[in-house]
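Q: Next come the chains, spelled out residue by residue.
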Amino acid sequence: MTTKVLRSLQVVKKSGSLQCVVCGSRRYSTSTNAESFSTNTSSNTSSTSTNSTNTSSTSTYSRKDAELFDIVVAGGGMAGFAMACSLGQSKVLSSLRVLVLEGGPHTDASLEALSAAPHDNRVCAIAPPSVRLLDKLGVWHDICGVRTGPVKRMQVWDSESDAMIAFGDGHRALAHIVENRVTVAALRARVPSSIEVRYGARVQSFDLPPPATDGLPLLTLRDGGHIRARLLVRGASVVRGASVVRGASVEHLEVWTVCRGGNTAARGTDSLPWWQHCSSRYGQSAVVATLQLEREENESNITAWQKFLPNGPLAILPLRHGLSSLVWTTAPGHAQALLAMDARSFADAINSALWSNERAHSAPWLESLQRRGTQLARDVGHLFSSATAAQVSSRLLPPPVVGVVEDSRASFPLALNHAVHYTANRVVLVGDAAHRVHPLAGQGANLGFGDVAALTTALETSLLLGETLGSASCLYEYERIRQRENLVMLAAIDALQKLYSSTAPPLVLLRALGLAAVDAIAPIKEKIEAYVQR
Amino acid sequence: MICKKIMNSCSDLISLHRCCLKSLLCHQSTPAWWHVMPQNYCTVREINIKTETYQNTRHKQQSSFNDEEVRKFGALSDHWWARDGPYKPLHSLNRLRVPLVRDGLISTGATVSKDGRQPLEGVTILDVGCGGGILSEPLARLGASVTGLDASHKSIEAAQQHSSLDADLQGRLQYKCCDLDTFSQRLDQQYDAVVASEVLEHVDSIEAFIESCNACLKPSGSLFLTTINRTPLSFLGAIVAAEYLLRIVPVGTHTWDKFVPIEALKKLLEERGLQTRLQHGMLYAPVLDRWCWVADTSVNYALHAVNIADTSVNYALHAVNYAPESPMSPESPTSSLS
Numbered sequence: 001m002t003t004k005v006l007r008s009l010q011v012v013k014k015s016g017s018l019q020c021v022v023c024g025s026r027r028y029s030t031s032t033n034a035e036s037f038s039t040n041t042s043s044n045t046s047s048t049s050t051n052s053t054n055t056s057s058t059s060t061y062s063r064k065d066a067e068l069f070d071i072v073v074a075g076g077g078m079a080g081f082a083m084a085c086s087l088g089q090s091k092v093l094s095s096l097r098v099l100v101l102e103g104g105p106h107t108d109a110s111l112e113a114l115s116a117a118p119h120d121n122r123v124c125a126i127a128p129p130s131v132r133l134l135d136k137l138g139v140w141h142d143i144c145g146v147r148t149g150p151v152k153r154m155q156v157w158d159s160e161s162d163a164m165i166a167f168g169d170g171h172r173a174l175a176h177i178v179e180n181r182v183t184v185a186a187l188r189a190r191v192p193s194s195i196e197v198r199y200g201a202r203v204q205s206f207d208l209p210p211p212a213t214d215g216l217p218l219l220t221l222r223d224g225g226h227i228r229a230r231l232l233v234r235g236a237s238v239v240r241g242a243s244v245v246r247g248a249s250v251e252h253l254e255v256w257t258v259c260r261g262g263n264t265a266a267r268g269t270d271s272l273p274w275w276q277h278c279s280s281r282y283g284q285s286a287v288v289a290t291l292q293l294e295r296e297e298n299e300s301n302i303t304a305w306q307k308f309l310p311n312g313p314l315a316i317l318p319l320r321h322g323l324s325s326l327v328w329t330t331a332p333g334h335a336q337a338l339l340a341m342d343a344r345s346f347a348d349a350i351n352s353a354l355w356s357n358e359r360a361h362s363a364p365w366l367e368s369l370q371r372r373g374t375q376l377a378r379d380v381g382h383l384f385s386s387a388t389a390a391q392v393s394s395r396l397l398p399p400p401v402v403g404v405v406e407d408s409r410a411s412f413p414l415a416l417n418h419a420v421h422y423t424a425n426r427v428v429l430v431g432d433a434a435h436r437v438h439p440l441a442g443q444g445a446n447l448g449f450g451d452v453a454a455l456t457t458a459l460e461t462s463l464l465l466g467e468t469l470g471s472a473s474c475l476y477e478y479e480r481i482r483q484r485e486n487l488v489m490l491a492a493i494d495a496l497q498k499l500y501s502s503t504a505p506p507l508v509l510l511r512a513l514g515l516a517a518v519d520a521i522a523p524i525k526e527k528i529e530a531y532v533q534r
Numbered sequence: 001m002i003c004k005k006i007m008n009s010c011s012d013l014i015s016l017h018r019c020c021l022k023s024l025l026c027h028q029s030t031p032a033w034w035h036v037m038p039q040n041y042c043t044v045r046e047i048n049i050k051t052e053t054y055q056n057t058r059h060k061q062q063s064s065f066n067d068e069e070v071r072k073f074g075a076l077s078d079h080w081w082a083r084d085g086p087y088k089p090l091h092s093l094n095r096l097r098v099p100l101v102r103d104g105l106i107s108t109g110a111t112v113s114k115d116g117r118q119p120l121e122g123v124t125i126l127d128v129g130c131g132g133g134i135l136s137e138p139l140a141r142l143g144a145s146v147t148g149l150d151a152s153h154k155s156i157e158a159a160q161q162h163s164s165l166d167a168d169l170q171g172r173l174q175y176k177c178c179d180l181d182t183f184s185q186r187l188d189q190q191y192d193a194v195v196a197s198e199v200l201e202h203v204d205s206i207e208a209f210i211e212s213c214n215a216c217l218k219p220s221g222s223l224f225l226t227t228i229n230r231t232p233l234s235f236l237g238a239i240v241a242a243e244y245l246l247r248i249v250p251v252g253t254h255t256w257d258k259f260v261p262i263e264a265l266k267k268l269l270e271e272r273g274l275q276t277r278l279q280h281g282m283l284y285a286p287v288l289d290r291w292c293w294v295a296d297t298s299v300n301y302a303l304h305a306v307n308i309a310d311t312s313v314n315y316a317l318h319a320v321n322y323a324p325e326s327p328m329s330p331e332s333p334t335s336s337l338s
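So the protein lines, in turn, are chains A and B.
When you line the first sequence up against full-length UniProt numbering, it's residues 1 to 534, in that order.
When you line the second sequence up against full-length UniProt numbering, it's residues 1 to 338, in that order.
This is chain A alone, in the form it adopts within the complex (with noise of 0.2 Å):
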């Protein structure tokens, strides 16, 4: 039962952000203590670096019994999926041989099992490019006859002050809210026949060829098959169990480790200077749990709800008409707290969260102030926009949640990674290996699509230039084309979580004053929502 209850914690502490997390159809338990456990993986991870260290000499890059493979997809997940698919799919990509390594055992569980079971506590945020992604490769269509809760306005206030920002017309789909599990789902019956795909598997060391050498990534999986990649690419939720790597560079060894993902990785990080890694841990866990709303009968459910609490944002996200899925980020205790409340109580301190107005600083001066430039922010606004349609969002009330579906919380540790190379010697991450991000903009699966779908085209110009498969330049290009993307996402998000987790009144007043802002004068607001839909 303990070892049972660690594996699944280590998934929790291996995949990614919220977003973009579980691969595979396990829901991990919820009564488990996940801030004990993370001791346990800590001196488990360090081990797993020195052995890396030691081991480096004895690599064998020239296996003669190794399988050969164009492509070996490390790791399944939605990003790994998302690549077979694409790599299946493409004209250019579609004769290479390809594999998929899932840590995750193979489910039956079809696509019309799952719109009957109920919902799953990890969700996400997919938007507009990830649908137009998973629309080119025929999954979207699967995804929308299970269940997607669209999101068709969207709510966003500060505890501290009465800003508040509202995008969306309630007409048009903003994003919408997926369940994990679907995604995987309809991703994996989607992966053509001619790609490999074997389940359960664990790696036990990947040997990588060291910087500008001829030599090809080999596999050790845990039943002893050798594997060789003629590249190799890492999907988000990594294979289960530590696997040794040996052979990279410091740096892309640095990858690797932090792509272990969760807090003990960050913590293995910090002997290394600066500049070869970029992760913090936020010091936050995020409460998930699926919330049973109060039914109105002439509204459907279509608003995505996030309040920002001094301890971490609070969103509620649209599942089906009366149901919504909690993303509750908030400091460890608290999160401790939350999961071991009954559920009436639990019910309560989210509603109480919500609508409670108690501000750490309520100086008359500050209101003062922050009403003045809210005022201002809107007589700006009318200047941009014409008399009739000069509207400023007015405030809505969230519904009130009237319960909680059982057996449906769960916490986890929050952290920003940011691998500072995609690329190796042809290795490739994509996905949560590369990159983990808060989930406060819900990004985190979005940034994994997009990286699977430069992933593609690059490999397909490269192979249509002639060059090797997995040729520098072309990864090169890749890491080139989604750090530029990835790193404003990241940076952004983590501005953001920096700006909203103080109390103090002159960040208080910026954000305000910010907000009011952005939401009354419409061509910056248009600006945003064209780049987060773009």
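Certain hints may be false.
Label pairs and their in silico Cβ distance ranges [to be verified]:
hint, chain 1, residue 1, chain 2, residue 2, range
1, B, H79, A, A331, 42 to 50 Å
2, B, Q190, A, E529, 42 to 50 Å
3, B, P219, A, L111, 53 to 61 Å
4, B, P219, A, E529, 28 to 36 Å
5, B, R290, A, D407, 51 to 59 Å
6, B, Q160, A, P210, 21 to 29 Å
7, B, D84, A, L487, 23 to 31 Å
8, A, L487, B, D289, 46 to 54 Å
Derived by calculation from the structure, the hints in this document are not laboratory data.
Beta carbons are placed, not taken as given, at the ideal position from N, Cα and C, and that holds for glycine.
Assemble the complex: chain A is given as a structure, and chain B must be docked to it using the hints.
A: Just chain B now, with coordinates in the frame of chain A:
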């Protein structure tokens, strides 16, 4: 127009200063760049006049290849495949010239299959002056059966050794150490395409070279040339900047006198029944190590000509669809394929 005027005055200035400098520096140690200055500098105007009856006045010999040039590249043959070596710009030039050849052949209908990984399946290509095979290998990977030709033994050895590393290339790529004139006289087959990339500026007789290339071409075959124009700007760009200031290529790689004026080249091609279908300038960004297509052909340029000796095919019709004005984007090779 203004550009042309400025260039003309520039070239006049250079000639003038050269004369002054020569008298000043007489019997003194001459700087290294002196030797690479154009020895028989003629102004752009003169070149324009000369295009009417282009004669290679420098070397009267009939052979197209130059021993000294062959030795120069043979000495550097260890570096052909070093990513950061002296041939780095040639590696990155593949991002332009591979699409040039690929899309050019697709547009002339030389290919059968347009989809998939190997759009050039079944096409025969002769890569003249292949060096280490930097361009031959990608073309072979695209499905073409490629013959690489180079006069330097060392280069051919380096090319053979490198191609043996990739199993995909076996049977599709062969190298021959031979000069073009001899090769074209003992031809056992004609080719769908002849590619001479960055070679023209190293040969002695352009006429003999083009003649031999044409002999290797099938009727309605394509000739792809990339080379450097002979303009004041190309002296500054390809010799002063690239060799001396930025040290992108080794000093002495190029001789300005041997650069090929584009108009003269086109005229020469025309006379031999090779119709120019497309011409583009190419610009290199040294720090980024990237090439891009530009409209201006005064430094590096690429040219696609088709043998219209066989008049049964109406090329004028094709040429309209080919839209030579819009450079093919290396970023989106699929767009031109689909």
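Q: Each of the hints needs a verdict: does it hold here or not?
A: Hints, one by one, checked against the model:
no.: 1; hint: B:H79 to A:A331: 42 to 50 Å; result: violated, 59 Å
no.: 2; hint: B:Q190 to A:E529: 42 to 50 Å; result: violated, 60 Å
no.: 3; hint: B:P219 to A:L111: 53 to 61 Å; result: holds, 58 Å
no.: 4; hint: B:P219 to A:E529: 28 to 36 Å; result: violated, 59 Å
no.: 5; hint: B:R290 to A:D407: 51 to 59 Å; result: holds, 55 Å
no.: 6; hint: B:Q160 to A:P210: 21 to 29 Å; result: holds, 25 Å
no.: 7; hint: B:D84 to A:L487: 23 to 31 Å; result: holds, 26 Å
no.: 8; hint: A:L487 to B:D289: 46 to 54 Å; result: violated, 22 Å
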